[in-house]
Amino acid sequence: EPEVTQTPSHQVTQMGQEVILRCVPISNHLYFYWYRQILGQKVEFLVSFYNNEISEKSEIFDDQFSVERPDGSNFTLKIRSTKLEDSAMYFCASSRAPGETQYFGPGTRLLVL
Amino acid sequence: KNQVEQSPQSLIILEGKNCTLQCNYTVSPFSNLRWYKQDTGRGPVSLTIMTFSENTKSNGRYTATLDADTKQSSLHITASQLSDSASYICVVLHGNNRLAFGKGNQVVVIP
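Line order of the protein sequences matches chains D and H. Mind the numbering: the first sequence is residues -9 to 103 in the working numbering, read in order. Mind the numbering: the second sequence is residues 43 to 153 in the working numbering, read in order.
Simulated from the structure, these hints should not be mistaken for laboratory data. Heads up, the beta-carbon is just placed ideally off N, CA and C, and yes, glycines get one too. Among the clues, some could well be false.
Below, computed lysine-lysine pairings styled on DSBU-like, alpha-carbon distance capped at 35 Å [unchecked claim]: (1) Lys99/H with Lys145/H; (2) Lys99/H with Lys47/D; (3) Lys145/H with Lys113/H; (4) Lys59/H with Lys68/D; (5) Lys47/D with Lys113/H; (6) Lys59/H with Lys99/H; (7) Lys47/D with Lys68/D; (8) Lys59/H with Lys32/D; (9) Lys145/H with Lys59/H; (10) Lys73/D with Lys99/H; (11) Lys145/H with Lys68/D; (12) Lys47/D with Lys145/H; (13) Lys32/D with Lys145/H; (14) Lys47/D with Lys32/D; (15) Lys32/D with Lys73/D; (16) Lys32/D with Lys99/H; (17) Lys32/D with Lys68/D.
Label-pair distances were calculated between CB atoms; the ranges are [as the list claims (entries may be wrong)]: (18) Gly6/D with Asn60/H: 48 to 56 Å; (19) Gln45/H with Asp53/D: 21 to 29 Å; (20) Gly62/D with Gln45/H: 47 to 55 Å; (21) Arg70/D with His118/H: 41 to 49 Å; (22) Asp53/D with Gly137/H: 22 to 30 Å.
If we strip away everything but chain H, and leave its shape as in the complex, we get (with noise of 0.2 Å):
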């Protein structure tokens, strides 16, 4: 079954400090893996996104990883801000054109 597996469920961070969020997937086949970020009542709007081949992205003080042998992601964030305050989420697009989400990693920055 195509399962996106994401620890912490929830974390509370200061302001200025950095943390790593978590995914585990067991989807195939593996065609790229997003990650999202979705502020409470809108939509996910895309932070990163990696093939087979993409050890790392970044994008500004977000960086995610990813080893597509162990299929374990995860995503840093650097200099937390109060804006950061979201729920992120791993996206595993599999076949075609098909996504499996995970539940999301729930942050929330506190000054």
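Excised from the complex, chain D in its bound form (with noise of 0.2 Å):
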């Protein structure tokens, strides 16, 4: 059965830093999120992509990040100068289209020091 991948699995960064978190979207599928999860709390929505722009953002995803789909099969999402209250686990989704379940890859966890 296929499924949404990212990489890494873990990513461990100091404060300022650049990351860049990678996600393979179920190939199929033309909308593409992100959300993120900080330790203990819930899931929360980052971002929309579709036809090779944002759809929706929430109030997080501020100029600090970005999201780009480089090529046919990856999605990805920069966060330019890291911060402390960054460190989450970091979602991707994808779906066929917008109301259809989204299937969610199995995160990122970034801890920024």
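Each of the two chains sits in its own frame; use the hints to bring them together as a complex.
Shown next as structure tokens:
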């Protein structure tokens, strides 16, 4: 069964450094998403992406964040200058169409020191 | 404000027993409601999805209910197994494509 994959599974970085989180959505899906989950808290929406542009973004998704689909398979989340409070689990998800089930990847655990 | 509240926050049940998890939401406009299962350190996996007109949806030992009038949903787990130990997250789709997540019900099944 096709699934969403994410790399790396874990990332440790110094405050102020840039990180890029990578995702490979399910191949016939057209809508892509990033979420984050701070330890012990609920999953929070960051951004949705369709047709090579951002469809929606939350208040969390400020100028420090950007997303890109650099080729036909990868979908990336970049954090330009990480802060301590960016430490969280970051989930990528994809769906065939808006409103259809979103399939989540296993997540990348980011720790900012 | 779009909110999804779940109860109980956590519960421990004996293997083979049943349990029911509750979800209340104040999300508008409502599109559909999903229950996801999230194993520790993993991404959420969809269990059920219900639209406004559906009252009940089953997926194996999982049965979800929806009362759109009172804005309540429940997830019933029948004959629990050790592998049911996970967080169960109630998620409401509002607007065109925006998900509102509950904090999850943490279920621990013990032998």
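Taking the hints in turn, this is what the structure says about them:
A threshold of 35 Å between alpha carbons decides the hint, and for Lys99/H with Lys145/H the separation of about 22 Å falls inside it, so the pair holds. Of the supplied pair hints, the one linking Lys99/H and Lys47/D holds, its CA atoms being roughly 31 Å apart against a limit of 35 Å. Of the pairs offered as hints, the one joining Lys145/H and Lys113/H holds, with about 17 Å between alpha carbons and a cut-off of 35 Å not exceeded. A threshold of 35 Å between alpha carbons decides the hint, and for Lys59/H with Lys68/D the separation of about 45 Å lies outside it, so the pair is violated.
A C-alpha spacing of about 26 Å is found between Lys47/D and Lys113/H, which places the hinted pair at or below 35 Å, so the restraint holds. At roughly 20 Å between alpha-carbon atoms, Lys59/H and Lys99/H fall within 35 Å of each other, so this suggested pair holds. For the hint linking Lys47/D to Lys68/D, the alpha-carbon distance of about 14 Å falls within 35 Å, and the restraint holds. Of the pairs offered as hints, the one joining Lys59/H and Lys32/D holds, with about 27 Å between alpha carbons and a cut-off of 35 Å not exceeded.
The hinted pair formed by Lys145/H and Lys59/H meets the criterion: a straight-line CA distance of about 24 Å does not exceed 35 Å. A C-alpha spacing of about 42 Å is found between Lys73/D and Lys99/H, which places the hinted pair above 35 Å, so the restraint is violated. Restraint check: the Cα-Cα separation between Lys145/H and Lys68/D comes to about 26 Å, which is no more than 35 Å; the hinted pair holds. Taking the CA atoms of Lys47/D and Lys145/H, the gap is near 20 Å; set against the 35 Å cutoff, the hint holds.
A hinted pair counts as satisfied when its Cα atoms are at most 35 Å apart, and Lys32/D with Lys145/H qualifies at roughly 4 Å. For a cut-off of 35 Å, the pair hint linking Lys47/D to Lys32/D stands: about 17 Å separates their Cα positions. Taken as a hint, the Lys32/D and Lys73/D pair is honoured in the structure, with Cα atoms around 20 Å apart against an allowance of 35 Å. A threshold of 35 Å between alpha carbons decides the hint, and for Lys32/D with Lys99/H the separation of about 24 Å falls inside it, so the pair holds.
Straight-line distance between C-alpha atoms of Lys32/D and Lys68/D comes to about 21 Å, which keeps the hinted pair within the 35 Å bound. As the Cβ distance of Gly6/D to Asn60/H is approximately 51 Å, the hint placing it in 48 to 56 Å holds. In this structure, Gln45/H and Asp53/D meet the distance hint of 21 to 29 Å, their C-beta atoms being roughly 27 Å apart. The supplied range of 47 to 55 Å is broken by Gly62/D and Gln45/H, whose beta-carbon atoms lie about 38 Å from each other.
Remark: the range hint 41 to 49 Å for Arg70/D to His118/H is upheld by a beta-carbon distance near 45 Å. Roughly 24 Å separates the CB atoms of Asp53/D and Gly137/H, a value that falls within the hinted 22 to 30 Å.
In terms of the numbered hints stated before, the structure departs from hints 4, 10, 20, listed from lowest to highest.
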